[in-house]
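Engineer: What follows is the residue order along each chain.
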Amino acid sequence: MLFNSFEFILGFLPLALAGYLTLVRVHRVAAAFRFLLLASLLFYAWWNPPFLLLLLASIGLNFLVVKAMTARREGGHSTGPLLGLGIVLNLSTLGWFKYAGFAVANLDRFFGLDLTVPALVLPLGISFFTFQQIAYLVDLHHAKLGPVSFRNYALFVTFFPHLIAGPLVHHREMISQFSAAGASRITLDLFAWGLTYFVIGLAKKVILADGAATYASPVFNAADAGQPVSLLEAWCGSLAYSFQLYFDFSGYSDMAIGLAAMFGIFLPLNFFSPYRSGSIIEFWRRWHITLSRFLRDYLYIPLGGNRHGPARRQFNLFATMLLGGLWHGANWTFVLWGALHGAYLAINHAWRHACEVRCWTWPQTRVARLAFVGLTFLAVLMAWVLFRAHSVEGAFLLYKAMLGGNGFTLPLAYRPTLNSPGGLGSQLEHLGVEFRQLSAFYGTPELIWLAILSLIAWGLPNTAEFMNYANRVDPSKPTPERSWQFRFSRLSATIVAGLLIYALMSIQSVQKSEFLYYDF
Amino acid sequence: MTSKRFLVWVAVLAGLPCLLMVSVQWKLNDFGLWRSRASARIWTAEKTSKYLLAQRYVPENFDGLLLGPSLSANINPAPFPGARFFNLSMQGANITEVRAAAEPALQRGTFKVVVVCLNPYWIKDSGIKGDQISEKEIVGSLFSLLPFRIAEARYRAWRNPDWDIFHRSENGYNDFHRLKRDIQYSDYKKSRIKRTSSVDPEALEEFRGLVELARNRGARILGYYHPLPLDQQTRMNPENVSSDHQFRTRMEEILRPGEIICDFQVPDFDSLAADDANYSDGHLSERGAQLVAEALAQRIGKALAIAP
Chain A
1 MLFNSFEFIL GFLPLALAGY LTLVRVHRVA AAFRFLLLAS LLFYAWWNPP
51 FLLLLLASIG LNFLVVKAMT ARREGGHSTG PLLGLGIVLN LSTLGWFKYA
101 GFAVANLDRF FGLDLTVPAL VLPLGISFFT FQQIAYLVDL HHAKLGPVSF
151 RNYALFVTFF PHLIAGPLVH HREMISQFSA AGASRITLDL FAWGLTYFVI
201 GLAKKVILAD GAATYASPVF NAADAGQPVS LLEAWCGSLA YSFQLYFDFS
251 GYSDMAIGLA AMFGIFLPLN FFSPYRSGSI IEFWRRWHIT LSRFLRDYLY
301 IPLGGNRHGP ARRQFNLFAT MLLGGLWHGA NWTFVLWGAL HGAYLAINHA
351 WRHACEVRCW TWPQTRVARL AFVGLTFLAV LMAWVLFRAH SVEGAFLLYK
401 AMLGGNGFTL PLAYRPTLNS PGGLGSQLEH LGVEFRQLSA FYGTPELIWL
451 AILSLIAWGL PNTAEFMNYA NRVDPSKPTP ERSWQFRFSR LSATIVAGLL
501 IYALMSIQSV QKSEFLYYDF
Chain B
1 MTSKRFLVWV AVLAGLPCLL MVSVQWKLND FGLWRSRASA RIWTAEKTSK
51 YLLAQRYVPE NFDGLLLGPS LSANINPAPF PGARFFNLSM QGANITEVRA
101 AAEPALQRGT FKVVVVCLNP YWIKDSGIKG DQISEKEIVG SLFSLLPFRI
151 AEARYRAWRN PDWDIFHRSE NGYNDFHRLK RDIQYSDYKK SRIKRTSSVD
201 PEALEEFRGL VELARNRGAR ILGYYHPLPL DQQTRMNPEN VSSDHQFRTR
251 MEEILRPGEI ICDFQVPDFD SLAADDANYS DGHLSERGAQ LVAEALAQRI
301 GKALAIAP
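Order-wise, the sequence lines are chains A and B.
Under the working numbering, think of the first position of the first sequence as 1, with each following residue one higher.
Under the working numbering, think of the first position of the second sequence as 1, with each following residue one higher.
Check the hints yourself; a few may be wrong.
[Stated by the list, open to error] With beta-carbon atoms standing in for the labels, derived distance ranges:
no., chain 1, residue 1, chain 2, residue 2, range
1, B, Val12, A, Thr417, 43 to 51 Å
2, B, Arg108, A, Arg490, 47 to 55 Å
3, A, Arg436, B, Glu202, 28 to 36 Å
4, A, Ala103, B, Leu213, 39 to 47 Å
5, B, Gly15, A, Pro81, 42 to 50 Å
6, B, Asp162, A, Thr417, 17 to 25 Å
7, B, Gly15, A, Leu38, 51 to 59 Å
8, B, Gly92, A, Leu42, 38 to 46 Å
[Claimed, not checked] Simulated pairs of lysine-lysine, BS3-like, Cα-Cα distance not exceeding 30 Å:
no., chain 1, residue 1, chain 2, residue 2
9, B, Lys129, A, Lys400
10, B, Lys180, B, Lys124
11, B, Lys129, A, Lys477
[What the hints assert, rightly or not] On the chain A side, residues computed to face chain B include the following (Cβ under 10 Å):
no., residue
12, Ala213
13, Thr214
14, Gln427
15, Ile501
Calculated from the structure, these hints are not laboratory results.
Cβ atoms here follow ideal geometry from the backbone N, Cα and C, with glycine treated the same way.
Throw the hints in and build the complete structure from the sequences for me.
Structural biologist: This is how it looks when you write it as structure tokens:
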């Protein structure tokens, strides 16, 4: 079930809320969490009922390993072998469904083994619930955890707002909330705050991301089909995709945070204006924050982190990002995307190191900051081409176009304007610029749309800032409130209602509107 | 303001307009979905509109169909004899999209004749390409952005009637010549990128399924090879010989002898195909479309053995 669908917004969500809140209100907290668990399983089964068995099997087996590890630890024995077994179980399930086809296809391609490529459907959210459970086992092995009930463990894995596409939650921040204290947090205030957060996320997804997709998809589809793309189309398409991915995924995360809050549960932040980053290191602290945290804690640090010198750190960074790329999908494009970001991070760290050693300093001015932000965004945008293209060949065709390999072409419709007296048309043509009909560039409306998206991404506060997320999650450390931040008022109610109506109308108007991260 | 009042405001401000919009759209019944309509026209979003009209309006008011991509969308089927024709051809559509609209019409109505434009363009790929054709659009006709797009198109048509390409679309005719009057084919062909089109096996199966459905529903199938400009025809592009041969072989497998009523790409029609005035940007110009409609009307009459 999609968050941006009528069956979810007008059917599942009101029923789930009604059931859960009624049980909490009559002080049946344990029953309320059981109800939430059942609702989450129903939410998952809606997509493909047989895969519910896989999810239940995964949770059941992991919980058996958890119980066995707890018993061994209490008996003073090592939990290492059981941890190994648990990790193998999880990774082999993920590997079978996600990577078997890729591995077989490549063995076939490179060694001509004539193997049959298994055509498997990728179970929704498998990458997320597998990693969450591995993290749990690792922390249990390191004795960082106390006992847990099956209900709480299963709800931690399946809680529907994060089940399909994250945030990649950590047991520490979730399980403690499935308690009477957690349930008592539900207030009308928090509910209204969560609803607003959800509506903002919904609007980001169906208005901004789906709007940007209109301009991105034709360009990438053309490149994947081997058709020549012009310089203008390539840059505008890549820019549109950068915005599409950001508003799509951060919109989904906002919706998840808002939904969870309506049930009195807080999810961690997943995005914090990543395109405002002044370096790649900063970018990964703002983009898919929960995945970066997971990769750092359960891959980079176990590999040795920065504890064995700069060369080893660079290798660890690169390997972590390479595997992070592969986590996103079984395709060489994702491997290359991960490798590129690994290289970016290695360069960024080497640069920082060189600056420290040689005492280089940079002026702390707005212009310098703008330059760093621009350079970082350019690097990220170039990498998104690999992330979006369906084939390496398609990505390289687009790179060729972006670098001017297909010449400089402007839309035919611009020629009369540019050729008007005083216009630049003839000079441009003299310089080799061609005028032709461009099938994947939509002219001024596209440029206006990209300008609006840029303004939102760089010029406006993000959802967490606007909704004062930090204050809500931890009222004990209040941050000063700003005049532009959300508060209950007639104006905000009107805006939320307007966004909700517009988003609902857009949902009904857009057919293919799945969240991009469902594929990962 | 308290959070309780905030929630009440949101519910009222969101709920009332939604209710109002659904009521108004149900009453307007733009596509004849909720009650019968003797006449309905398209304002914008051709694919969605034709898909919606095909649910009830087309089967209730027509007994002939013209199917194809944009190549045939600008042919006015009014002079076609033997039935009252609706042109379900759509700009930029492939077989999956045309089939999505044609199937409900064929299943719900009684059609005497289905005329099919034979050109690889709409059988070169399959699957819904854009975001315009979906069952969601049926509810969407009551509550979505579509009614606003229609209102905007009505306003534009009122401001500038010359831009209203659907002004005679009660029978599905798309008068997109109006937007292409300034395009001279002689100019266009200089900058045209030459592309060869191969046929997609899945699309071909969909085409076969559509033809069989029409036959099973008692319709007579009549196909014609579309009149491409002479410079685009295979005779002038030897590199296309094999793909064109493959396409024609497939068509002749699917259509029975006598069902292909006209080949506009033979030398008999060179006077039409060689005259740049009959084309705009590769599509037929207003004059070209008129000539083709007349020729088709004649062939359809002959095939159905109707006296002129």
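Engineer: If you test the structure against every hint from before, which numbers come out violated?
Structural biologist: The structure conflicts with hints 5, 7, 11, 14, although it agrees with all the remaining ones.
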